[in-house]
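Same order as they appear, the protein sequences are chains A and B.
The first sequence begins at 1 in the UniProt record's numbering and counts up by one.
The second sequence begins at 1 in the UniProt record's numbering and counts up by one.
Calculated directly from the structure, the hints in this document are not laboratory data.
Ideal placement from N, C-alpha and C gives every residue a C-beta, glycine not left out.
It is possible that some hints are incorrect.
[Said to hold, decoys possible] Facing chain A, a subset of chain B residues (Cβ under 8 Å, in silico):
| id | residue |
| --- | --- |
| 1 | Thr42 |
| 2 | Arg74 |
| 3 | Arg139 |
| 4 | Glu163 |
| 5 | Ser168 |
| 6 | Val318 |
| 7 | Asn322 |
[Unchecked claim] Across the chosen pairs, the derived CB separations fall in these ranges:
| id | chain 1 | residue 1 | chain 2 | residue 2 | range |
| --- | --- | --- | --- | --- | --- |
| 8 | B | Gly285 | A | Glu22 | 32 to 42 Å |
| 9 | B | Glu254 | A | Asp18 | 28 to 38 Å |
| 10 | B | Arg261 | A | Gly102 | 21 to 31 Å |
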Amino acid sequence: MRIAIIDTSTTRAAIISDGLREAGLDDLILIDPEGPIVAQVEAARPEVVLINLENPSRDLLEDFFAMSRALARPIAMFVDQSDAEATGAAIDAGVSAYVVDGLSKQRIKPVVDLAVRRFQAFSRLQRELDEAKNALAERGTIDRAKAILMKRRGIDEPAAYALLRGQAMRTNRRIAEIAEAIVTSDALLGDME
Amino acid sequence: MSAERFRIGFLPLVDAALPILAHELGFAAREGVEIEFIRDMTWATVRDRLLYGHTDAAHMIAPLAIATALGRDRPAVPLAVPFVLGLNGNAVTFSTALAAEVGLGDGLGDPEALGAALREAAAARKAAGRPLRFGVVHRYSSHNYMLRYWLAGVGIRPDDDVEIAVTSPPFAADALAAGEVDGICVGEPWNAIAVDRGVGHIALATAQIWRRGVEKVLAVRSDVIEARRDAVEALLRALHAAAAHFVEPASAAESAAILARPAYLDAPPDAIERAITDRIRVVPGGAPVAYPDFMFQYREAANFPWRSQAAWLYSQMVRWDNVAFSPADAATAAEVFRPDIYRTALAGSGAPLPGASSKLEGGLDAPIGAGSTQGRLLLGADRFFDRRAFDPEDIAGYLAGLP
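Hey, can you work out the whole structure from these sequences and the hints?
Below, the structure is given as structure tokens:
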């Protein structure tokens, strides 16, 4: 079964194709998001097309599928509706699937399910990456705030940290927020003495 | 009372104004409604989010709501349109090369004269093996139907003499700039942006093709309407108040500034304000030309969902999709538009409420008083450029008489 993958994120496309390949689905075509989408799909003649929900080429692609049907061309594809719940899950995950007419439900379902799991895995990875980036940025802010306190109050690092932590606890805020406030006010008022 | 929350899907277009202004200017809050927006770049995604519950309502091209209810290209999902977000507001923009070839001046073209010149240009390009290519925003869009109506009416056969492709609104000006298409039919501000970038020349306003053509609608899933009828009616009252405000000349600059924000259209406020105030910059660097009722958002009960408008869109679907006319489908299409909900929502508000749910479309040369159950209703001239009128009771006869 030939599957075409169209994704504005090449990383996500790679993650999906790896998953499909592991499941033994190795007739895969990765469509170049920078190139002409319709011409590539037409040449690939897939039986299933997986495309990210927010892909800017979706209206174009659906028009092509509708035209293919009207002209009885080979790639007449429909939005996959073989299982309403699965389709809903796919939309929630951010993937849209089109299948050729007559392809059996049993063959479509594993592909869509797998794509959904991979999309979710990608979102999770991205979230973790964002969190890691934030944590790193927060640590930098806390270090800068500590340095400011050490210099202006003439205290050592453990004392500066204790000061931050105490203020966070008293005001029910996160240490990073207190640090952020100190760094900001130092940038604005630091030279006023 | 906690506010009724609506997530509304939209595409960055000036005619998404009413829900946006209802939210930003407090008309929604006054009705106990809270709106959250989900911005997308294609109609397919707006539709999918509505069908699978990511949104509760959507700013949508009217024919797509009908195609979805009829199950064109996919299993049918019943949709309801209780409110029309506006009439017209679109334009046909030619590449500067095509504009020069057909002799467009620095005003809007005349549909008949321009059509004759375009017919020659189309024939020449077809003979040269490079047929003219036009971009419309979606297969199921009023843009597609308006452009085709005009072309067929001036003797240019769509799909045979010229190609018609799909270019989503935010990419239409780019497609024109890249030479992928020779013309586009799209909503504002994308025509204005094509002109301001120096790549396009506005040929016609769609209001010149059909003076009162139905455009975007508020689409809601029928089961959601049933379950949240009171809340939907509150939302309609908020949209109605926003529409009254939107057409006040004094509000134009503020409306444009709000719509221009990155969260909404992310486009130049100047281009948006020109659309709102019916001033069209036709040529790059030119002074804007006033064209009254370019966008039509409020007067003449413009937001009332006439079943005859849905019937006309269905007639064009039959015409261009090469499917047989079916009285059952015609009834399903007409019933997508829900004047009953509009009436109950605005009963007691003073808004004119038409007594009928359907009318002859394109039959008026001059304003005329029309029957209403509340308020005073005046309907303005609503002609098609070729002066044919559409009788929703005789779709088959109408189709037989079209070129």
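Tested hints:
Interface restraint check: Thr42 (chain B) against chain A, minimum CB-CB distance 4 Å, threshold 8 Å, status holds. Because the closest C-beta pair between Arg74 (chain B) and chain A is about 5 Å apart, less than 8 Å, the hint holds. Because the beta carbon of Arg139 (chain B) sits about 5 Å from the nearest beta carbon in chain A, less than 8 Å, this interface hint is met. For Glu163 (chain B), the interface hint is violated, the least distance from its beta-carbon to any beta-carbon of chain A being 11 Å, above 8 Å.
Residue-level restraint check for Ser168 (chain B) holds (minimum Cβ-Cβ distance to chain A is 5 Å; threshold 8 Å). The closest approach between the C-beta of Val318 (chain B) and any C-beta of chain A is roughly 13 Å, which is over the 8 Å cut-off, so the hint fails. Given the 8 Å rule on beta carbons, the hint for Asn322 (chain B) holds: about 6 Å separates it from the nearest Cβ of chain A. At about 58 Å, the beta-carbon gap between Gly285 (chain B) and Glu22 (chain A) misses the expected band of 32 to 42 Å.
Checked against the hint of 28 to 38 Å, the C-beta distance between Glu254 (chain B) and Asp18 (chain A) comes to roughly 51 Å, which is inconsistent with it. Taken as a hint, the range 21 to 31 Å is violated for the pair Arg261 (chain B) and Gly102 (chain A), whose Cβ atoms sit roughly 47 Å apart.
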